[in-house]
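Protein sequence lines, in the order shown, are assigned to chains H and F.
Under this note's numbering, the first residue of the first sequence carries the number 1, and numbering increases by one thereafter.
Under this note's numbering, the first residue of the second sequence carries the number 1, and numbering increases by one thereafter.
Where hints are given, some of them may not hold.
Stated by the list, open to error - Straight-line distance between alpha carbons at most 25 Å, and here's what the computed DSS-like set of lysine-lysine pairs gives:
no., chain 1, residue 1, chain 2, residue 2
1, H, Lys265, F, Lys284
2, F, Lys284, H, Lys284
3, H, Lys284, H, Lys265
4, H, Lys293, F, Lys212
5, F, Lys8, H, Lys284
Hints were generated in silico from the structure; no laboratory data involved.
There are 2 protein chains.
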Amino acid sequence: MKNQVTIKQVRITPIAFRDGPLLNAAGIHEPWALRSIVEVETSDQRVGIAETYGDASVLRALREAQDLLLGLSPFALNAMEARVRAAIQPGVSADRPIQFGLATGSHVTKNAEKVISAFEAAMMDLQGQMLGMPICDLLGGAVRPEVPYSAYLFYKFAEHIDRPYAPDAWGEAVSPEQIVVQAQKMVAEYGFQSIKLKGGVFDPKLEIASMKALRKAFPTAPLRLDPNANWSLATSIAAAQELDDLLEYYEDPTPGQEGMAELAKHCRAPLATNMCVTSMEEFKRNATTHAVKILLSDHHYWGGLRATVALARMCAVFDMGMSMHSNSHLGISLMAMTHVAAAIPNLTYACDTHYPWQEEEVIKGGRLAFVEGSVKVPTTPGLGVEIAPSQLQKLHQQYLECGIQNRDDLGQMRKYNPAFGGTNPRY
Amino acid sequence: MKNQVTIKQVRITPIAFRDGPLLNAAGIHEPWALRSIVEVETSDQRVGIAETYGDASVLRALREAQDLLLGLSPFALNAMEARVRAAIQPGVSADRPIQFGLATGSHVTKNAEKVISAFEAAMMDLQGQMLGMPICDLLGGAVRPEVPYSAYLFYKFAEHIDRPYAPDAWGEAVSPEQIVVQAQKMVAEYGFQSIKLKGGVFDPKLEIASMKALRKAFPTAPLRLDPNANWSLATSIAAAQELDDLLEYYEDPTPGQEGMAELAKHCRAPLATNMCVTSMEEFKRNATTHAVKILLSDHHYWGGLRATVALARMCAVFDMGMSMHSNSHLGISLMAMTHVAAAIPNLTYACDTHYPWQEEEVIKGGRLAFVEGSVKVPTTPGLGVEIAPSQLQKLHQQYLECGIQNRDDLGQMRKYNPAFGGTNPRY
Numbered sequence: 001m002k003n004q005v006t007i008k009q010v011r012i013t014p015i016a017f018r019d020g021p022l023l024n025a026a027g028i029h030e031p032w033a034l035r036s037i038v039e040v041e042t043s044d045q046r047v048g049i050a051e052t053y054g055d056a057s058v059l060r061a062l063r064e065a066q067d068l069l070l071g072l073s074p075f076a077l078n079a080m081e082a083r084v085r086a087a088i089q090p091g092v093s094a095d096r097p098i099q100f101g102l103a104t105g106s107h108v109t110k111n112a113e114k115v116i117s118a119f120e121a122a123m124m125d126l127q128g129q130m131l132g133m134p135i136c137d138l139l140g141g142a143v144r145p146e147v148p149y150s151a152y153l154f155y156k157f158a159e160h161i162d163r164p165y166a167p168d169a170w171g172e173a174v175s176p177e178q179i180v181v182q183a184q185k186m187v188a189e190y191g192f193q194s195i196k197l198k199g200g201v202f203d204p205k206l207e208i209a210s211m212k213a214l215r216k217a218f219p220t221a222p223l224r225l226d227p228n229a230n231w232s233l234a235t236s237i238a239a240a241q242e243l244d245d246l247l248e249y250y251e252d253p254t255p256g257q258e259g260m261a262e263l264a265k266h267c268r269a270p271l272a273t274n275m276c277v278t279s280m281e282e283f284k285r286n287a288t289t290h291a292v293k294i295l296l297s298d299h300h301y302w303g304g305l306r307a308t309v310a311l312a313r314m315c316a317v318f319d320m321g322m323s324m325h326s327n328s329h330l331g332i333s334l335m336a337m338t339h340v341a342a343a344i345p346n347l348t349y350a351c352d353t354h355y356p357w358q359e360e361e362v363i364k365g366g367r368l369a370f371v372e373g374s375v376k377v378p379t380t381p382g383l384g385v386e387i388a389p390s391q392l393q394k395l396h397q398q399y400l401e402c403g404i405q406n407r408d409d410l411g412q413m414r415k416y417n418p419a420f421g422g423t424n425p426r427y
Numbered sequence: 001m002k003n004q005v006t007i008k009q010v011r012i013t014p015i016a017f018r019d020g021p022l023l024n025a026a027g028i029h030e031p032w033a034l035r036s037i038v039e040v041e042t043s044d045q046r047v048g049i050a051e052t053y054g055d056a057s058v059l060r061a062l063r064e065a066q067d068l069l070l071g072l073s074p075f076a077l078n079a080m081e082a083r084v085r086a087a088i089q090p091g092v093s094a095d096r097p098i099q100f101g102l103a104t105g106s107h108v109t110k111n112a113e114k115v116i117s118a119f120e121a122a123m124m125d126l127q128g129q130m131l132g133m134p135i136c137d138l139l140g141g142a143v144r145p146e147v148p149y150s151a152y153l154f155y156k157f158a159e160h161i162d163r164p165y166a167p168d169a170w171g172e173a174v175s176p177e178q179i180v181v182q183a184q185k186m187v188a189e190y191g192f193q194s195i196k197l198k199g200g201v202f203d204p205k206l207e208i209a210s211m212k213a214l215r216k217a218f219p220t221a222p223l224r225l226d227p228n229a230n231w232s233l234a235t236s237i238a239a240a241q242e243l244d245d246l247l248e249y250y251e252d253p254t255p256g257q258e259g260m261a262e263l264a265k266h267c268r269a270p271l272a273t274n275m276c277v278t279s280m281e282e283f284k285r286n287a288t289t290h291a292v293k294i295l296l297s298d299h300h301y302w303g304g305l306r307a308t309v310a311l312a313r314m315c316a317v318f319d320m321g322m323s324m325h326s327n328s329h330l331g332i333s334l335m336a337m338t339h340v341a342a343a344i345p346n347l348t349y350a351c352d353t354h355y356p357w358q359e360e361e362v363i364k365g366g367r368l369a370f371v372e373g374s375v376k377v378p379t380t381p382g383l384g385v386e387i388a389p390s391q392l393q394k395l396h397q398q399y400l401e402c403g404i405q406n407r408d409d410l411g412q413m414r415k416y417n418p419a420f421g422g423t424n425p426r427y
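Chain H on its own, in the form it takes in the complex:
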């Protein structure tokens, strides 16, 4: 019986890959982005894989929890969830009271979700391999043959401050004109049909001018601006007057559900978030505050692929639309995002992805292809991609050598400008 196959080994490997000097509300990307690669091996020698956050606290949580999988069937997702939750919430299970370290700004609940998500994705890869089915078929089947992603634009410098390696091919983007050039290059290379700008970096006037320039260059493309909660409520309301007719959605201009709820009274563009609704408690509160209308889901912190499907059903119930959030990631995450997005009928917005900003890969065959801005939903068994061992080793070596263990966009920015405050909202 397939359900007598059990998990025999779990490997957690931190990696680092080159990342561009991308600007955001917190500061600027460091030259190396971190991820954890999860490999779950069965008694019949299959390996299921997943990719998640690489910060020290998540890495430690994964490593402390990895033995909880031993002996489980790859189909025992509910049992895995129960074990991880019991371990992460001491008192629920007295026999394995693991204390996980917490990343700044995160809390116990989210660490459990992150660990569960990574293990679930790897276990569902195994399920798919064992059954000869793509993961999306284990989530009710693809409702679209390919998943559209958006062009994710960033203000950026031409190169990192200490020039750890040769500058990327994207050049500088600190003006509306340069953002348009970046958009044109990204759209030409990937075929994206929707465009998102990460804002909250420069004076809102410049960012609004960038959106207007994008509208002029792309008269019909859906446009989104994400100031990353770096604008005050007053700034967000004032900006809405200029952005209302430009935006498909207005993503996290100002912090907190209360601010977003107040803003909603003063703008026509629907408000979206991946910041003020990031847990079920916040989801429930949003049902009362009615702050946001569109949720950017992310299976990496919402507890996995199945939890994201359930979240989508909740969005439908609570009259919310669904889009998808991303962090710097490689192809393993991109494939998992594609499977789950394919299986969610009401995920009707093009998903975010940082993928164009990465140059390296950890999977066999190298970088994945986009066609007209979309990723084709895999029809091969499981996740549809495999690790290239030499690449995993190379990127792990980079992790060991880069010296970064926790993402620190603020600290990196202070290398450029020691007086950089990091207050939020800044504008």
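Assemble the complex: chain H is given as a structure, and chain F must be docked to it using the hints.
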């Protein structure tokens, strides 16, 4: 590839089976209970099965929708849902605007859920057969090896008014003493550890006396009373004083969320429902009214097994407990209920089942076994039971001959008492 197998034929067969003269708020069970048996056959000659309501409106809806499955993979659950929803809500899909008939008291949304549920259960049976996995493993895996059910007691007459066949073995139960005898017989035969009484039949004083008699006979068993919304708010509040210390939960004493919310202020026993939260709209409203704390789920009308799993996640988010509702049913439904209950961590209450009240079966091997009040979760592929063709034919013949096409407990009661009013709440 397994996902290239497609659905070639769908058969919907109405059946009728003997049912006892069980009393409830609406009246009394007729001598024949109706169900629809769904058989979904693939291009590789497998047959997946499901059981659902047998009323004329549901039967018609199933038959009008059955061709929507043709050509689909048994894994294409999301596509099936989309097709059924589009057909049932004219305007969403212009090319197949089916108008479904509606049963009294139901509405369009619930008919879609009923049809989707029946098709999904049969398709998941097929998936499990094709993959060699039990259905619960396709829902994240069993979190318990067996599913506990409760003894579901009914006030009843000794035999049907027109004696269409020999009386059942249970005898009359119209007094507290007779209810205790019924409970003792049912617990002795099935091993149930929890006990539920269907109330709303006689004067509340007699029903409260029945609960007290049950407590005396079963000092530690969790007890539940379900007056089926047949008590006024005042009656429910007054009764709560006597029931608070007896009940595990107080199920639907009074109609409507507003009444239940007011009652909740006056009783300590948690309120449960399968009447005032039966749709996502009502679920959402309950998050505001806080009327009930425990939801009796039922995959037959909540949109299927996956929807019930998602509903369970929503219950966890909204601090609600979960139990399970039943109607008169046979073993195909019992197995589906067992698979989904096994895969829901927070379904912590023993489930309702009418199974002890049925004598006939449609599955091979005859009636299913309970051990210490529980049904063992199947570990064989798919649903774990198959149709016995001769039994299906026999029960279909009974359907054709019994003359009942819609359940009518009120009409049946008026055969005993032409003056029976049917007003609700009656007490």
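- prompt: Quick check: which numbered hints come out false for this structure?
  reply: 4, 5
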